[in-house]
Amino acid sequence: MIKTITILGGHGRDGQREPVEQIELKMGDVASIVGPTGSGKTTLINDIELFANANTPTGRRILINGQVAPAEYRDNPARNPIALITQHTTFLADLPVNEFLTTHARIRTTDHSQVDALVGKALSFANQLTGEPILVHSRMTELSGGQTRALLIADATIICNTPIVLLDEVENAGIHRTRALELLRQYQKIFIFVTHDPRIALLSDYRIVIGGGSMTQVLHTDEHERACSVRVSRLDDLLSGLRDRIRIGGRLTAEMMEEFS
Amino acid sequence: MKLVICAGPATTGKTSVLRHMIRKLIDAGDRVVFLKIDVQYAEEDEQFAREFGIPTKKVYSGELCPDHCNVMVLGDALQWANRTGSTALVVETAGLCLRCSPYVDTGLGMIVLEATSGMNLPLKVGPMLSLADVAVVTKIDRVSQAEREVFRARIQDVAPSVRIREVNALHGIGIDPLVDMVRSSPDAAGRMLLRGNPPVGTCTICVGKKEVGWQSHFGVVRPLENQVFYRGE
Ligand SMILES: Nc1nc2c(ncn2[C@@H]2O[C@H](COP(=O)(O)OP(=O)(O)OP(=O)(O)O)[C@@H](O)[C@H]2O)c(=O)[nH]1
Ligand SMILES: Nc1ncnc2c1ncn2[C@@H]1O[C@H](COP(=O)(O)OP(=O)(O)OP(=O)(O)O)[C@@H](O)[C@H]1O
Ligand SMILES: [Mg+2]
Ligand SMILES: [Mg+2]
Ligand SMILES: [Zn+2]
Chain A
1 MIKTITILGG HGRDGQREPV EQIELKMGDV ASIVGPTGSG KTTLINDIEL
51 FANANTPTGR RILINGQVAP AEYRDNPARN PIALITQHTT FLADLPVNEF
101 LTTHARIRTT DHSQVDALVG KALSFANQLT GEPILVHSRM TELSGGQTRA
151 LLIADATIIC NTPIVLLDEV ENAGIHRTRA LELLRQYQKI FIFVTHDPRI
201 ALLSDYRIVI GGGSMTQVLH TDEHERACSV RVSRLDDLLS GLRDRIRIGG
251 RLTAEMMEEF S
Chain B
1 MKLVICAGPA TTGKTSVLRH MIRKLIDAGD RVVFLKIDVQ YAEEDEQFAR
51 EFGIPTKKVY SGELCPDHCN VMVLGDALQW ANRTGSTALV VETAGLCLRC
101 SPYVDTGLGM IVLEATSGMN LPLKVGPMLS LADVAVVTKI DRVSQAEREV
151 FRARIQDVAP SVRIREVNAL HGIGIDPLVD MVRSSPDAAG RMLLRGNPPV
201 GTCTICVGKK EVGWQSHFGV VRPLENQVFY RGE
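Order-wise, the sequence lines are chains A and B. Going by the working numbering, the first residue of the first sequence is number 1, and it counts up by one from there. Going by the working numbering, the first residue of the second sequence is number 1, and it counts up by one from there.
To be clear, the hints were calculated from the coordinates, so they are not data collected in a lab. Incorrect hints may appear among the rest.
[To be verified] Here are the in silico distance ranges between beta carbons for each label pair:
id	chain 1	residue 1	chain 2	residue 2	range
1	B	P177	A	P19	27 to 33 Å
2	B	S216	A	Y73	32 to 38 Å
3	B	Q79	A	D75	15 to 21 Å
4	B	D157	A	L242	57 to 63 Å
5	B	S184	A	G66	34 to 40 Å
6	A	D14	B	R50	40 to 46 Å
7	A	Y73	B	N120	23 to 29 Å
8	B	S184	A	E24	33 to 39 Å
9	B	V158	A	G66	25 to 31 Å
[To be verified] Okay, the calculated bits of chain B under chain A, using three or more residues with CB under 8 Å as the criterion:
id	segment
10	116 to 122
11	144 to 157
No residue lacks a Cβ here, since even glycine has one placed at the ideal position from N, Cα and C.
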């Protein structure tokens, strides 16, 4: 049973110790990682996914339930408690979608009688996030950036179904972000979102701020911010509405702007 | 003497993996020598001599299969390694043959595959994979976690007993377990034998007959519509 993940700070790009020395994430926590482009956000979640033990360029260490992660987490995907949805928006895997998902389900689960059911569920999950549905017989390499993202999220949630989920910039690639968050938060897990999106950052219990390759601060979402969060979400929904209109070939009108004031 | 034989298709990251491995071996007190076997061009020997100040050599297999060339020269190489007072001989060989494999019964046999290569690569490399002790998968930084795991499954499907280690050979992530495997591998000394049975592959084209069409040849022949053959292991 996974109860906690601990991140023990290493050093930033300048070689200095990270200002934040230790962060402990508990089951059920939703955390964000924020910071400018190139600051090292992806590097931090990669460290977590690799169960870094002072053997990555940052010198960080990751503990699971206070202990160094057992080697089998990395050697046997069925035992790996982490699913990572990377920033990639293209696949290099030259397999048809169903064969890819089936193979992944086979290596991620111990109960092989469930494989077909999992693949079916993952596909319908993914298709709730995309505009145009993903066809099971298309090749992975033919999927669009958004479809790729949607499929990776579905794969992580349904097929991996791990206690820890790491998402790198879920807001990118134009998928239904709010729907994705709703679907994801039905599950009791540790979620870590790398994000540039204020809505996602404010939905989190706390955010880890990155700069120059270092964890510089941990900010807990306070009452003021929770109050802001309601308005941020409303603005965001309004913007999404405009985005959807434009997507389907509609026009915007001056009245629509009234709602923003 | 520890012996590492590292094979793998072109540009999969063999040199990058070995660079990190050699550094770690040297840091832990090993005296390493390096041999590169390639068909007609290689410069890893010069790179490693410069970077680590260790004895290095290269040999071009030329008209020979590189894996056969390895069998030919490995005895000499081990003597050379002994003469230089080294404790580990690391061999990088171009895995071009796909019918043979270069591993011997002692030491560590290591194939390097890249996660970016397409999902059928494990099915194509034959005994170079199935006779290895460990398959090292590089370039995991370039693919999603899901693709990495499906690639692992594809290797397991064709080579269930081969251990798999995923690495980022740019940053040297995941190399430590490989170094441990070198440490715990059996010492190479005295008489060494090639692992598995090589395929019977000598045909009349090998000895210089240039006529096109199987009717002009004898011994091992192959018409278009015959896919029955002895694969070796
Ligand atoms: N992104 C990434 N690039 C890698 C990795 N490993 C190797 N490379 C790159 O892949 C290219 C080939 O790497 P080498 O180590 O020279 O490959 P090799 O197998 O020794 O190649 P040959 O000996 O020429 O057949 C280089 O540009 C490396 O920097 C990795 O893990 N990640
Ligand atoms: N602590 C560190 N020490 C050394 N290098 C680092 C460190 N942290 C990050 N880097 C390097 O900085 C570069 C950019 O980092 P990264 O890709 O994680 O940025 P990012 O915040 O995810 O950017 P983006 O918002 O564009 O996705 C990478 O090459 C990474 O290896
Ligand atoms: Mg990033
Ligand atoms: Mg090389
Ligand atoms: Zn050969």
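A quick look at each hint next to the structure:
{"no.": "1", "hint": "B:P177 - A:P19: 27 to 33 Å", "verdict": "holds (32 Å)"}
{"no.": "2", "hint": "B:S216 - A:Y73: 32 to 38 Å", "verdict": "violated (58 Å)"}
{"no.": "3", "hint": "B:Q79 - A:D75: 15 to 21 Å", "verdict": "violated (37 Å)"}
{"no.": "4", "hint": "B:D157 - A:L242: 57 to 63 Å", "verdict": "violated (48 Å)"}
{"no.": "5", "hint": "B:S184 - A:G66: 34 to 40 Å", "verdict": "violated (29 Å)"}
{"no.": "6", "hint": "A:D14 - B:R50: 40 to 46 Å", "verdict": "violated (29 Å)"}
{"no.": "7", "hint": "A:Y73 - B:N120: 23 to 29 Å", "verdict": "holds (28 Å)"}
{"no.": "8", "hint": "B:S184 - A:E24: 33 to 39 Å", "verdict": "holds (35 Å)"}
{"no.": "9", "hint": "B:V158 - A:G66: 25 to 31 Å", "verdict": "violated (39 Å)"}
{"no.": "10", "hint": "116 to 122", "verdict": "holds (count 4)"}
{"no.": "11", "hint": "144 to 157", "verdict": "holds (count 11)"}
Comparing the model with each numbered hint stated earlier shows that hints 2, 3, 4, 5, 6 and 9 do not hold.
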